[in-house]
Amino acid sequence: MSARGAIQREGIPFVFGILCLLAVITVIEMLIRWGMINPFIVPKPTDIVMSFERIILEENILPRFMMTFGEALMASLMLSVVGISLGVLLHRNTTVRLATQNWVAAIASAPLVLMYPLFLVIFGRSAWTIIMIAFVSALPPVILKTLEGLAGTRAVLINVGRSFKLTPSQLYWKILFPAALPNIFVGVRLGMIFALINIVGVEFLINFGGLGQLVNELAERYDLPGTYAAICFVILVSVVFFIGTERIERWLRPGT
Amino acid sequence: MPAVDPILVVENIVKRFETQDGVLVAVDDVSFNVMPGEFLSVIGPSGCGKSTLFNVMGGLLGGYEGRISVGGETVRGPHASIGMIFQEESTFPWRTVIDNVAFPLEIAGMAKVERTEKARHFIDLVGLNGFERRYPSELSGGMRQRVSMARTLASEPKILLMDEPFAALDEQTRLLLGDKVLQIQQDLKQTTLLITHNLTEAVQLSDRILVMTYRPGKTKRIVEIALPRPRNSEIVSSDDFGRYVAQIWSDLREEASKGLKDDEARRVRSGGAGAS
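If you read the protein sequences in the order shown, they are chains A and B. Each residue of the first sequence is one higher than the one before, starting from 2 at the first, in our numbering. Each residue of the second sequence is one higher than the one before, starting from 1366 at the first, in our numbering.
These aren't lab readings, by the way, just hints derived from the structure by calculation. Please note that the accuracy of each hint is not assured.
DSS-like cross-link-like pairs, simulated, lysine-lysine; straight-line CA separation at most 30 Å [stated by the list, open to error]:
no.	chain 1	residue 1	chain 2	residue 2
1	B	K1585	A	K166
2	A	K166	B	K1626
3	B	K1523	A	K175
4	B	K1477	A	K175
5	B	K1554	A	K166
6	A	K166	B	K1623
7	A	K166	B	K1477
Calculated from the model, a selection of chain A residues having no Cβ within reach of chain B, i.e. all distances over 10 Å [unchecked claim]:
no.	residue
8	V25
9	R55
10	L99
11	L167
12	P179
13	E218
14	D224
15	G256
For clarity, every value in this text was computed on a predicted model and none was experimentally measured. By construction, the Cβ of each residue, glycine as well, lies at the ideal position given by its N, Cα and C atoms.
Excised from the complex, chain A in its bound form (with noise of 0.2 Å):
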């Protein structure tokens, strides 16, 4: 009975999900095929995946898979330990929230990766250059949604603590913390797409290496198949980090 109710409840959603999938892309073959989309703009769906066994054979794929995998790794290591210290730091702080609050939110919306010249000065044509304007950009919603979570948590689960006289350490850590993750976990989520953005399109400004230099070497070459073989590489990398989140997310916190 529950293996069947597991089946119900993940299953069928899941294979519905692959087949809506599939039904989008044969719509798009279609249309293509039909001459009501043009082929030099969206390539046919089947020229890409005939192109995935070129891609990954002539350009090197798997290093510059790990490449950007490993700089979307180091950036979303950092900004959760940055992200959430400092949402905990505003949480603790009111005179520290009042007085930035706001900028944070402000630089949320600046499209930092405008300033990619700086970044190069400050840290060379390196890694280093795109896993920071990466980890700078992507750290507002962490931090406002660490935030959001811990002061969001139900006064009367407080209360419990404070009634079973909690230390305010055991307070935070047994309490607020917990109730916080799911919030917190929207804003890594939210930062890890932020991120990702960032390095692919400095690894795309800066020609540096990973998937971002690959879409913009295959897009010169005006290579579409190609380049949204590429591009499905990059949306790869986001699958494996959101699967890798969620279970990172249910380890911490089950029951929900």
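Put chain B on the given structure of chain A with help from the hints.
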């Protein structure tokens, strides 16, 4: 035979709040004692300061006049002898039932095996055996409140302080949970103080009922409930039960009416302010 001292003494409690309209006296000179093993309910209309009194007695709210003592010791902040059960759903959603119940024992530094065993005892006491590994999201509202109760009982408080714990539940569940509370109170000889606005609940469970006036909250009367013990929810069909409910309602009716009029007047004022 030596006289037994009260376990909880509440003396001349006054609590004021600063509001936009001036100073609001929420609780005004409320005094009472609770004897060991006694079940006392505090009943009053909405806005009479019941929950303020609950927070003051639980040590969650300071800045009041008067004195509260437990076993002769003055309460200043949350006290290990007072266990609180809140009106709102207060289980930790990220913890299983057994981990919720074991929470105060974990905080006290008890070893895992020992606290798990003890938590099982209290889960059994509230009738939730078989649900130990479930999360609160998998339980009904009544079951979650029983988890909260087991969690508070696990800390073995001398006084159990409950603030309308069944307010969000339907009447049938409320009566059945009332049976559970009676059974636990009788088994553990647990001193219990219940804050409620529900007449039948108060009469069903209590040895004495303190009726409060509407704002400022004062003691209007303390009624002894001389219904036989052990009790269960079947008592609600007895004539004596009906008489007690009628007697307390006659005290409460006037206060509830004042509260209703005050609420209506406030709505008219705020509506007028909004229109102008």
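Cross-check of the supplied hints:
1. B:K1585 to A:K166: Violated, because 33 Å separates the two Cα atoms, which is more than 30 Å.
2. A:K166 to B:K1626: Not OK: K166 (chain A) and K1626 (chain B) at ~40 Å, beyond 30 Å, violated.
3. B:K1523 to A:K175: 25 Å, holds
4. B:K1477 to A:K175: Holds. K1477 (chain B) to K175 (chain A) sits at ~16 Å (cutoff 30 Å).
5. B:K1554 to A:K166: 24 Å, holds
6. A:K166 to B:K1623: Since the Cα atoms of K166 (chain A) and K1623 (chain B) sit roughly 38 Å apart, the hinted pair is violated (cutoff 30 Å).
7. A:K166 to B:K1477: 20 Å, holds
8. V25: 33 Å, holds
9. R55: 48 Å, holds
10. L99: 22 Å, holds
11. L167: 6 Å, violated
12. P179: 5 Å, violated
13. E218: 47 Å, holds
14. D224: Its Cβ never comes within 10 Å of chain B, the nearest being 49 Å, so this holds.
15. G256: 3 Å, violated
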